[in-house]
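> Take a look at the letters that make up each chain.
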Amino acid sequence: MTVQLSGLGPAPLALDALVAAVSDEQHARGRDGAVVTFLGLVRNHNQGRRVHYLEYEAYAPLAIKAFDRIREEVAERWPSAIVAVHHRVGRLDIGDASVAIATASPHRADAFAACRYVIERVKQIAPIWKREYFEGGDVWIEGATADPDDAKARAEAERVACA
Amino acid sequence: MRVTVRLFARLRDIAGSAELARDVPSGATVKTVWRDLAGEFPGLAEYERSISTALNEDYARMDAEVQEGDEVAFLPPVSGG
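Chains as they are written, first to last, in numbering that gives the first Met the number 0: chain A, 0 to 162; chain B, 0 to 80.
It is possible that part of the hints are untrue.
[Unchecked claim] Straight-line Cα separation of at most 25 Å, SDA-like style, residue types lysine to any residue; simulated pairs:
1. A/Lys64 with B/Asp35
2. A/Lys122 with B/Glu56
3. B/Lys30 with A/Gly142
4. A/Lys151 with B/Tyr46
5. A/Lys64 with B/Arg60
6. A/Lys122 with B/Leu54
7. A/Lys64 with B/Pro24
8. B/Lys30 with A/Ala143
9. A/Lys122 with B/Gly68
10. A/Lys122 with B/Asp57
11. A/Lys122 with B/Gly80
12. A/Lys64 with B/Ser25
13. B/Lys30 with A/His51
Because the hints were derived from the structure by calculation, they are not lab data.
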């Protein structure tokens, strides 16, 4: 089964599928020595609140385009790196994975940096929102104003990735 | 001309709808659509400085012109991950 490198949907995330996706490319090239993975999980607490569960929603076609764009940005900055990034939507319970990322590259430094860069950029520009259901209420979480062309935000993601 | 408006997260809650059809004059921009909507749903106005906008499933600026049948989306600050 072919796994898309950019993915979004309600199904539980399978990190092994993402690893396989970047590894397929890796084997084809035969030159990669590292695969780095990241899983974002639903925490049971946030800002002093006891969280019961989250609901994620996305503007799906634009989210996929944002993931594609992030993968292209990685290709510009770390030309040898391959990225797979999937985000889940719908109700997610505590401990569920909301986002999964796998990066492959010839050397570990680029794979680690690219992986960190991807999660920073997902948080900056992917049109995805989480609604937090906590003890006593619920609230939409609002983070960054998404602007893919904001060079400062992109530079900040790169700075964090290479720190 | 008629455009489709898509609203997400808290903007959707404020307007009480995820998708609306609205008529705008020829030459209207994304901003025209937003201002009309904010007039209709005053709770939206506070988001004017923090929203992102998209036109036909691509990020766009407020001054982008809209055409008949376009899909205009208003996105509150994002919180994926």
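> Each hint should be assessed against the structure and marked as holding or not.
Here is how each hint holds up against the structure:
1. Taking the CA atoms of A/Lys64 and B/Asp35, the gap is about 28 Å. The hint is violated against a cut of 25 Å.
2. Between A/Lys122 and B/Glu56 the CA atoms are separated by roughly 19 Å; this keeps the pair inside 25 Å, and the hint holds.
3. Using a Cα cut-off of 25 Å, the hinted pair B/Lys30 and A/Gly142 holds, with the two alpha carbons roughly 22 Å apart.
4. With a C-alpha separation of about 22 Å, the suggested pair A/Lys151 and B/Tyr46 falls inside the 25 Å cut-off, and the hint holds.
5. About 17 Å separates the Cα atoms of A/Lys64 and B/Arg60, which keeps this hinted pair within 25 Å; it holds.
6. Simply put, A/Lys122 and B/Leu54 have alpha-carbon atoms about 21 Å apart, close enough for the 25 Å limit, and the pair holds.
7. Pair hint A/Lys64 plus B/Pro24 does not hold up; C-alpha atoms about 30 Å apart against a cutoff of 25 Å.
8. Between B/Lys30 and A/Ala143 the CA atoms are separated by roughly 20 Å; this keeps the pair inside 25 Å, and the hint holds.
9. For the proposed pair A/Lys122 and B/Gly68, the alpha carbon gap of about 31 Å is over 25 Å, so the pair is violated.
10. Taken as a hint, the A/Lys122 and B/Asp57 pair is honoured in the structure, with Cα atoms around 18 Å apart against an allowance of 25 Å.
11. With a CA separation close to 6 Å, the supplied pair A/Lys122 and B/Gly80 stays within the 25 Å bound.
12. With a CA separation close to 29 Å, the supplied pair A/Lys64 and B/Ser25 exceeds the 25 Å bound.
13. For the given pair, B/Lys30 sits about 38 Å from A/His51 by alpha-carbon distance, which is inconsistent with the 25 Å threshold.
Violated hints for the displayed structure, listed by number in ascending order: 1, 7, 9, 12, 13.
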